Each structure stands twice: as structure tokens, then as C-alpha cells.
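J.: In case you want the letters, here they are:
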Amino acid sequence: MELFETWALTLIVFLPLAGVLLLGLVPKANERALKAISLLVTLAAFAVSVGVIFRFDFSGLPYNTYQFEVTETWIGAINANYHLGVDGISLPLLVLSTFIMVLAVIYSWNHWEEPRNPKAFLILMMILATGLNGTFVALDLVLFFIFFEVVLLPMYFMIGIWGDRTPRLIPGFGREVQTRLYAAIKFFLFTLFGSAFMLLGFLALYFESGNSGERTFDIPLLTELGASGAFTGTFAFLVFGAMFLGFAVKVPMWPLHTWLPDAHTAAPTVGSVLLAAIMLKLGSYGFVRISLPILPEEATRWAPAIAILAVIGIIYGSLACLAQTDMKRLIAFSSVGHMGFVMLGIATLTDVGINASIIGMVAHGLITGLLFFLAGSMSHRYHTREMSRLGGNMKLMPVMGGILAFTAMASLGLPGLAGFWGEFMSLIGSYNPLEGLSLGVFRTAMVLGAIGTVLTAAYMLYLLQQVNLGEPGEEWQGREFHDVDRFEATAWVPLIVLIVVIGFYPKVIFNSTTDSVVSLVETAFNAETTASLGRGG
Amino acid sequence: MATEAEQAVEAGITGGFWVDNAGIVLILPLVAFLLILAFGKRMKNNGAELAIGALAVNSVWATVLFVMNMTSGVLGQTTFEIARIGSDLVFELGWVVDGLSIMMYFLVSVVGLIVFIYAVGYMHGDVRVDWFFAAFSLFAGSMLILVGAPNLIQLIIGWEGVGLASYFLIGFYWEDMANVNAGNKAFMVNRLADIGLMLGAIILGLAIGTFDFAEMDLAAAEHVESLGAVAVVGGALLFFGAMGKSAQFPLHIWLPDAMAGPTPVSALMHAATMVTAGVYLMGRVFPLFEYLAAEIRPWMVAIGAITLFAIGFLALVADDIKRVLAYSTVSQLGYMMTAVAAGGYTAGLFHLFTHAFFKALLFLGAGSVIHAVHSNNMSDMGGLRKQMPRTYWTFVVGTLALAGIIPFSGFWSKDEILATLGFEGYTAVMVIAIAGAFVTAFYMTRAVALTFFGDYKGHGQPHESPAIMTVPLVALAIPSILFGLFNVPGWHIPGIGNFSEWLAVRVVPMGDHHPEAIDLALAGSGLLAAVLGIVVGWVIWGKDRETQAERDRFDIPVLYPLLHNKYYIDDLADGITAGTMGPLARFTNWVNDYVIDGVVNGVAIMTRGLGSFVYGVVDQRGVDGVIHGLGAGADGAGSALRKWQTGRIQQYAASFVAGALVLIVLFVFVI
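Going down the list, the sequences are from chains U and D.
With my numbering, letter number 285 in the first sequence gets 285, and the count goes up by one each step, no holes.
With my numbering, letter number 144 in the second sequence gets 1144, and the count goes up by one each step, no holes.
For the record, the hints were derived by calculation from the structure and aren't laboratory data.
Keep in mind that a hint or two might mislead.
Label-pair ranges, simulated between beta-carbon atoms [to be verified]:
(1) D:Val1396 to U:His380: 52 to 62 Å
(2) D:Ala1229 to U:Ile78: 35 to 45 Å
(3) D:Val1595 to U:Phe237: 23 to 33 Å
Here are a few chain D residues that sit away from chain U, every Cβ distance over 12 Å (derived from the structure) [what the hints assert, rightly or not]:
(4) Gly1086
(5) Ile1145
(6) Phe1187
(7) His1223
(8) Ile1405
(9) Ser1525
Every value quoted in this text rests on a predicted model; they were computed, and no experiment measured them.
Note that CB positions come from ideal geometry on N, CA and C, so glycine has one too.
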């Protein structure tokens, strides 16, 4: 099976791109073939990623050892290589990515937003898949950057073409613009702005690495250099800051988040799902994969600031949710809060906190992905997302309403469902952050985070009350609505099952992440595993 | 490798089939929940058979354990790991079998079973009965997860599950927004209190080094002095969590509103599940408060005392019979909390035990009456003792038990509380508790008089409920009379001992401090207060014929408005939430759209302005491209987008892909 070891990751990344080629050959009118090809390609990528799980060595390899590695010289002149690899931290995210992509194709089967054109939409989805999968396995900064950026374009077109056409008055613009246009451009420029700084940071690392040997973009090599203290002082501070901008925009962290509610609200359903479920994780993954291991000293300097921004995000996002009247925009803002917990976990720089952030990413991907599916399907039927007009959905579409209630509960972090562990363990991490970090800051963050969980409950109950409960409004009386159809069911049931399974048996995720994270914390921060706990609960 | 706690448990372990597989009790109702969700609609009784079946098996199982524990203490613990972070932080699920958990298994299963059977009659012909029994099963199942939890983490899971199920059940008739709001209120107040539970669990877990109750008990018993303030803060936070579920002042406000759900829900919620969770938690971590966090115990006693005295008064002016019972529950929970806080492990939990039976009985009795007269208001009732004799007699039994009349069960448990308070030196609180007994007897007499005596004031012809509802009443009346005998001071039932001994079976054995023999003077005072309450109540309401008359009698300036408005606590809470959250949320949204996005849009507009300036003045084609790159703003790119939309997208995508592929092939294979 040598062949599988060397080709698995390349297949996962480039199968969708090969799919694009096939899709290009099929005439636009043959929708069945188009959909079948997309499904096959994504299923194949998913199958390979499952194969990776089965052949993955879970025996607790130290951090910075990667499996399924491929290294080929790529751009020799700048010593950039085609270097892929996966470890315990990236594995769950990679599988999440290939998995959600399959569900997105299934859902798309009979859900096309205007102006339809499945061929173009599917092509964009496949390009997106390559970018997303690639980011999680890239071990070379140039490669990482390219995958990271490849994602932008298809999403830009998805929002700009298939997005919401409602005209909107933007303060200062003088005239109305369509929501989709404003959102698409905002999304594109905002992320590009962050990426520019990120690239600067990468280049700085490249040149600086020349001081201790050959200049390199190689993440494992840079990690080694970082652990040995090669990057310090103002230089490292600025580099961390530059990369912070790139990742923080993507997460998004307050106050760089404002592209997110607009992009989500405007995007077509599948776009929102992919955005929330996978794309947001590119940023937080970047922190764990690049910022922390390569610049550990700077991480400890920046950590309190990150924690403070994260907590502001938690409270701010929840409060903003309470003021929303648009169902989709509410869910979008909830991402700001949830990703705040993810970032709080990372900021603690402890094994508990970073594990929390990874399970938080996965859980958020499943839960918020499902929420956007639901919001899309509902606005597809009601032709409105205004919560004041909705209500009594439990009566009109009981199954969809039930799933919405379940997902809302998962989203508010109900113990026993996936969302709980990320939040709870972030709080554990912040009680005992890495030695040397300010206890005052982190314990305050813990208390505020806990208050955030109450606010989260408040807006989720508000959502349910507005959408699901009560009597249906006048305009819906006597109307027949088609409850969950089979494509929706096929796409959603796996999500529901996973949310419950991870909720009761989080080991599914931790089995993969724990050893890598513990080793990461030990090598990067010279820390004993932090929380000195005996038998736990 | 067995840890210390496991060894300690094993030292006294009985093991065997019933102990080793006790996890069945935790799982069955949840299985029923899922099955009813899936198949309930297609079943003859809408899934009630599954719900009842699960609890019937549970009842047998719990009774066996209960009896085993009577004859020889039963200890056991089974856990399995669900997560491990590093080498130290371990999360586990499992179940505990010891005196305390067995008592709760028994209580939840048996009372639950009786209420479920009753509900078949009560809910007959109602809307979405299948969902009712599903949520009901989830309710009981979550409570069992909670009481069977070997550690704080599983307790939190069960705890929130109970909260979730209560949200579903309180808002069961969700077509009416008032019910939805009641459910939201319950969920939010509990969620607020859960901050305490979560943070308390984190702080104690990290400080003591374990989330495992047995290990915590052992650590506490060894007096881990070094913890100091940490344990006190952690303990106080846990107590805050308990205050939410167990409706302690001022977090009690959700409970009276929670009767928006069907009456069987109230019966279960006020008796065996939900509200008992907080008192149970205090009992479960009792050694912690005994040894490590003793400083906060007086504060806990104070909160319990306020709850038991002040909230009971509210029952005096309520017209809704369920509201009377709800306030009495809050008051009785105050008794339990006071007792546990004062150091009365047995006293608090014994009252929890007896109260579960007679309060379930009273609620089901009220439900039977409501079912007959189609109103919750006592002003629509009266004289029902003739039409509904079985309901009447069982309701009287419940009333006497609640009032604390010898030999009904409530007398013995309340006496135990009084004795504990006296022994621990809380004399003032003891006097309050005796006065509280008077108030309890007083308002319950009022409720009985207004409901069952005088003339019928409602509409239609009420008649006795069917057997499926009255048999459960009898089934609850019997333990309400008899179960007090489990713990008669100074009496060890031959061969099986007494309740105090059964409950003491823990990894760290629990004991009580006060003398075993009965204090006749104290018991006499408690009884006298109760009898006085009944007599005075009867004098005032016994011959009442006009509902308005009883209203007027209480129309005392200041006092009546104060009680009628529930001490304005609800208004205050509503005012604070509405006054802060709404504006805060709107302010945040405003900041988002105008301040942060103002900056973002401002930059865009300025860039565009700069762009046209450069273009207009410098007029260079090269610069033009840069402007586009920087984003000339909405309209420019918008028209570009519109072009893509017209079908050129494929060309673009195709060229993009082709380019990418060429690059890949080039770089991977050629270079």
C-alpha cells in the first residue's frame, strides 16, 4: 500500500479539480451527469480521507511528524516545495472538509438558486473543495497560501452571482446596491487585505530562516527553527501580527468580522454552509498550524490580546444576534460568538484549550453547517427570512421544525451534543492558562465566556420562538408546505448523527488530536501538560 | 488500575447482577424517548406503552436495589472513558450505585411510573400525545443520568437534559406564546444558574484534581486544607447552580410559571425530577461543604430560610390551585436546602423523599379536579368532595402530609429538619421553620376548603375522573402516609434499619450529628403549628360560600398588593432583562453597522475617491488597473459581475482550471 500512502493526500486535494475538467466536458443541459460527476468526485475524495483514517498511526507520534507525506520540488528557485502531510490536528478537519462537501453536493441536487446554472455552480464548488482540502494538508507556506487564496475566488462568484438580490442602502454609498454585490466585494477585499499581510509574514519568515541555513517555506522546518528560538524580538512580533491579521479576518475575530454577516446573509445556501462549516476554520487552523509552533514566544506575548478579542467576540456576537430580524443573519452572527470560543481555547496555549478549539471547530462546522442548510431550505419555502413574518413552523413543517430545534440546542452548547465540549473545555483552559500568562485576563475571560453561554441560549430560544413556535401568520394559513425532502434528509441525517455521537463520545475527535496537541504544547512552550487532573468526570 | 475511590468502593462492594448492570436504569427511558420519536405516531397509545414500559422495568430494578440496600449496604461504580486530554484530564460516563443514588433511582422511577400512567388518562385526546410521552421520557431519563452520575461532567449532561426536557414540556402548548414564554423563562433562569454549576465544576475539578464524586468526597474527608478560598468559591458557585434548579430565592421565579405545561408535567417536575436536582447535588457533594467550604453554609441556610418562609406566603393569595402548590413546592425546597446547608444530610434528603410522593399526589389531585371543571381557578371550584370522593380523600391525605400532621410522612421529615436546625445551633431559623409549618398548613387548608367545600361555582357537571387517574392517586397516597415510618427517630426497623442508615451508604459514610431519640418538645411545637394552621384556616375558609369574600378578607393594604405581585421580584427581573438586554443588543448592532462597518465602508469610499482623483488628474492607464484591484466600490465591480452572470463564467472557470492544471503538471512533474 505504499502507493496509497504517497498518493492519498494528493488525490484528496486534486480529485475535485479533476472533476472540474470532467464537468467542463459535459454539456450544460445534462444536469444528471453533472451532478453525478460531482457526487462521485466528492465521494471519492471523502472515501480516500476515510482510508487515511484507517491507515493513520494513532500511537502518539510527537508533534511535527506528519503522515502520508509527499515532498516534491516545486519552485526550485525559491525553495518552495509541493509538501503535503497530515497529523492528528489536521486529520479531523480534513475529513470534515471532504465530508461536508459530499453533503453539499447531495443537498444541491434539487436546490438551485437563481440564476440556476448547475454546471457553473458545481465547477465552483469543486474548485472550492480543492482549496479547502489543500489548506489542511499543505506543509509549505507558499502552497498553503495558494490553497488559502484559491478558496476566495469561487466563493466570491457564488455570492456575487447566486446571492441575495435584495437592494440595500449602505450608509455612505449614496445609492442602493444589491446585497450580493456589496457582500461579495466586501468579502473578497476584506480577506485579501488580511492575506496580503499574511503573505508578508510568510516572506519575512522565509528570509529570516536564511540566517540559520537555507531559506525555506517548509512548515516542519520552520517549526523546528521556531522551537529552537530562531525567531525573536520585534521581527517575530511583527511577523506574528501580520499573520494574525490574515488568520483573524478569516476566523473572523472581532472587530475584523463584519464581512461575515453580509457574506453569509447574501450567499446561496450551499455557499453559506461551506463558508461556515469549513472556510472559517482555515483561519483558526492557521493559528494552530503556523503561528503557534513557529512563533511560540510571540504566541505567549499575543495570547492575552487574542483572548480579549475572543471574549469580546463571544459577548458581542451574542448580543448582535439578539438584535437581528433576519434568520440567516442571526445564524451568521452566532458564528462570531462560537469562533470566539475556538480562539479563546487557542489563546490559552494549553493542551486542553487547543483540543477544545479543534473539537469546537468540528462541532461548529457540523452544527452551523446544518443551521444554514435549514435556514436555506426554510427561506426557499417561505420566500422570506424575516423572523417577524415567520412563526408556527412546527405546525407547517414539523420535521424541519424539529431538526431546527435540535440544531439550535446543539448550537447553544447543550451538554451531550457536540457543541458542549469546545465551549466547556475552552473555559477549563482559561481557568489554568499556560504558565506565565495573566491569570487575571484569562479568568475574567472564563467568567465572561460563561456569561456568553447564557446569551447564546437567549438568542437560540429567541430564534425558535420566532420561527418555530406560536401560530403561523395569516399569510401562511391554509398553505401547503413540503416538509423535508429526501435530498435534504440524506444531507442532514449524517450531521445529526455526528452531532450526537461527538456529544456523547468526544473521543472520536480527541483520539486523533490529543497526542499531537500535547506534544505541540510541550515542544513549543516547554510546558508540562497543564491541567493537573486526576481521574476526571 | 483501580483508583483510590474505586478501591474504596470495592472494599464495601456487593456487586452482582443488579449493581453491575444498573446502567440500564439510566438508559431505558432515553431509548424509549428515541423509539417514541420514531414510532410513537404509529402506536396504539402514541408511545405511552414504551414510556411506561421503560419506567416499569426501572421501578422493578430500583426497588430491588432499594431493598438490597436496606438489608446490606450496596456500593458500586462503573465508568468508561469518553475522552482523555493528555495524561491527566479524563472525562468519563457511567453510573453510581450507593445509598443516595439508589434512593433517587427509586424515587424517579416509581413516582415517574405512577405519573406516566396517570398521564395516559389525563392526556387522552390531547394534541401530539406521542411528543408528550417522548419528552416525558427524556425528562425522567435525563434526571436518572443526573442522579446516577459518577462525576460532575455527567451530572452537567443530565442537568441540562432535564432543563431541555422541561423547556419542551412547559411550552408543550406552544401555539400560545404565554406558554412559550414560560418555557423560555425556565430555561433562561436555569441557564443563568448553570454558570455557577459549570464554573464551580471547573474550579473544584481543577483544584481537587478530579471531577469524580467519590474522589472528591475522599479528598474532602481528608481535609485538603491547602485549597482554602478556592474550595469556598467553587462551593458557592455550585450552590448558585443548585439554586436555579431547586428554585431558591430569588431564582425561584421560573417555577410558578412552569405550570403552563400539562399537569402531569408539574407533578413530576415538582416532585421527583428537576427541582430535586439542586438539593440532590448538595447532598452529593455534602462532604465538600462539611469540610472544605463550611464558611458559606450560613449563607446557604439564610437563602433556604428566606425561600421557605417568604415564598410560602404567596400561596395565600393565589387563586390558581396549581400556583398554590407551586409556591408550596418552592417553600418546601427551602426547607430541604436549609436542612442540607445546616448539616442535615439525612434531614434534607428525607424530606425530598417524602415530599416527592405527597407533592406528586397533590398535583395529580389538582389535575383530576382541573380535568373535571376545566379551569385552574379555585373560584371555579367548590363542593367537589361529593362529586369526586376519591380525589378528595387522597388530596386530603396529601394535604395532611404536606402540613406535617402525625403520622403522615411529612411530619417525620419536617421534624428531622427541625431537630437538625436546633442541634446545629440555627435556633432563629428553626423558629422560622416552625412558623413556616403554620403557613403551610394554613394555605393548604384554604386550598382544600375552596376546592372541595362550599358550593360548586364552576360550569357544567363535574364528575370523578376515570380509574386510570384515581388509581395513581391511591398509589401515591399510601407512601404519603407510610413512608415517614422509614425514619422515626430512635427506631431501627428490625432487619432493615432506617432511612438514615440506607442513605449513609457512601464511599465516605455519611452520618448525622443530632441525638437519635425524638425531641418531644420540638416535635410537639412543629405539630402544634401545623394544627393551628389548619384550625385557623378552617375557621376562616371552612364555611366560605363566596369566593370574593375570601379575597376581601385578605385585602390588607400593603400586604395584599405585595403578595399579589409576588414581592415584585418577577417585575424586577423582567424590567432588568428588558431594560438592559434589548438596548444592549440594539446598541451592539448599531456599533456593528455604523461604527465598525462605517470604518470599513469609509475606507472603501475613500479608496474609490482617491482612485477617481488619481485617474482624473494623472490619467494614466497603468494606475487604472490598480484602482480596479483595490476595489472601485460597488457599482464598478457590480457591472463586472453582471457580465460574468451572462454565461462567461464557464469560459472563465475553464481557463482558470486549465491554467491551474498546467501549473500543477509543470511544477509537480517537470521541475
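J.: For each hint, tell me whether it holds in the structure or not.
T.: Evaluated hints:
{"no.": "1", "hint": "D:Val1396 to U:His380: 52 to 62 Å", "verdict": "holds, 59 Å"}
{"no.": "2", "hint": "D:Ala1229 to U:Ile78: 35 to 45 Å", "verdict": "violated, 57 Å"}
{"no.": "3", "hint": "D:Val1595 to U:Phe237: 23 to 33 Å", "verdict": "holds, 28 Å"}
{"no.": "4", "hint": "Gly1086", "verdict": "violated, 4 Å"}
{"no.": "5", "hint": "Ile1145", "verdict": "violated, 8 Å"}
{"no.": "6", "hint": "Phe1187", "verdict": "violated, 6 Å"}
{"no.": "7", "hint": "His1223", "verdict": "holds, 18 Å"}
{"no.": "8", "hint": "Ile1405", "verdict": "holds, 42 Å"}
{"no.": "9", "hint": "Ser1525", "verdict": "holds, 43 Å"}
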